[in-house]
Amino acid sequence: MSKRVLVVDDSSMMRKMIVKLLQPPGHIVVGQAKNGIEAIQLYKELKPDIVTMDITMRDMDGLAAAKEILRHDKDAHIIFLSNLDEEIYRAEVEKLGALGFASKHKAKEILEMIEEEEGKK
Amino acid sequence: MSTLFRTAESLSLRTRAFIFYGLTILLTLLAAAGVLYEHGLTLLLLMLLIAVQTTALFFFHHYVIKPLVSVHAATRQMTDGHLDSLVRIVRQDEIGRLGESINDLTVNMQEVLLFVWNHSQQSRELLEQTLERLAAPEPLSGIQDNLEKMRQNNEDLKAIVLSFSYFEIRLEHERMLAESDCGKNK
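Sequence order for the protein chains is W and Y.
Per the numbering used here, the very first residue in the first sequence carries number 1; after that it's consecutive.
Per the numbering used here, the very first residue in the second sequence carries number 1; after that it's consecutive.
Keep in mind that the hints are not guaranteed to be accurate.
Here are the simulated PhoX-like cross-link-like pairs (lysine-lysine), alpha carbons at most 20 Å apart as the crow flies [what the hints assert, rightly or not]:
1. Lys74(W) with Lys44(W)
2. Lys158(Y) with Lys106(W)
3. Lys74(W) with Lys47(W)
4. Lys67(W) with Lys44(W)
5. Lys108(W) with Lys66(Y)
6. Lys74(W) with Lys108(W)
7. Lys20(W) with Lys66(Y)
8. Lys106(W) with Lys47(W)
9. Lys16(W) with Lys106(W)
10. Lys95(W) with Lys3(W)
11. Lys108(W) with Lys44(W)
12. Lys20(W) with Lys3(W)
13. Lys106(W) with Lys149(Y)
14. Lys95(W) with Lys67(W)
15. Lys108(W) with Lys149(Y)
16. Lys20(W) with Lys106(W)
17. Lys20(W) with Lys74(W)
18. Lys158(Y) with Lys16(W)
Read the hints as simulated data drawn from the structure, not as lab findings.
From just these sequences and the hints, can you work out the full model?
If you want it as structure tokens, here you go:
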């Protein structure tokens, strides 16, 4: 099933790569944000099915933005994509609720997680 | 009056330049008229003209020269490999946008390098596992899997390189070619 996705990452190149990853399976990228503040704003405007959220960003990082988005909509599906080592940040992510955490560099993992998130609904 | 200042803050450099230019022309014409008709206000107009010009000079120094110097310093940092420094200009005008673009460049460069690190790390782990398996007196199971993963890592690395376009270089799947006819007989 194709999802409407909001891509959040401070690197325009990474956003381009994630968009390229999401298009062949038929998902629609409804918006792109480059920091937490834009992410929150675009989430409220676009109400996407899924958000791919980078963790390290300027102005407002992914965890803070996710907290705010979840306050606004507790059913938000946020998948954290990061360079960072999973084990260390998994605890933080779990604290926010059972959301996904994938490595930015493992394309298959990301797509699988998107399918899975829908299944959880 | 304060709202006037606030809107003045968000004007583009081009608009501000035009304003200074306009004020200068206006005051010059008025002062010229004042001289021609020997009006008493001439001296005041001339003083206003000088005040506008002096303000323009300070403005130019503070809003154009200083930020350009700091933007230059930031790009030098980046050239030297210090991808951790940010350009600290928080304005909405042309120079602010320039600073923001430079930050974006730095972020992208960092992203590419971290990507390479990550994939190298994964390949390294797979290689070590494979070496261990080869050293053990056990069947070669799992090695094919590891090698396949390494091949995938290699593909991913190339994919990120291919997402850029290059000066004078064309990347094909297996080779790196020169775009122009450099070196060939013309």
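Okay, which hints does this one fail, numbers in order?
As far as the earlier hints go, 5, 6, 7, 8, 10, 11, 17 are violated by this structure, in ascending order.
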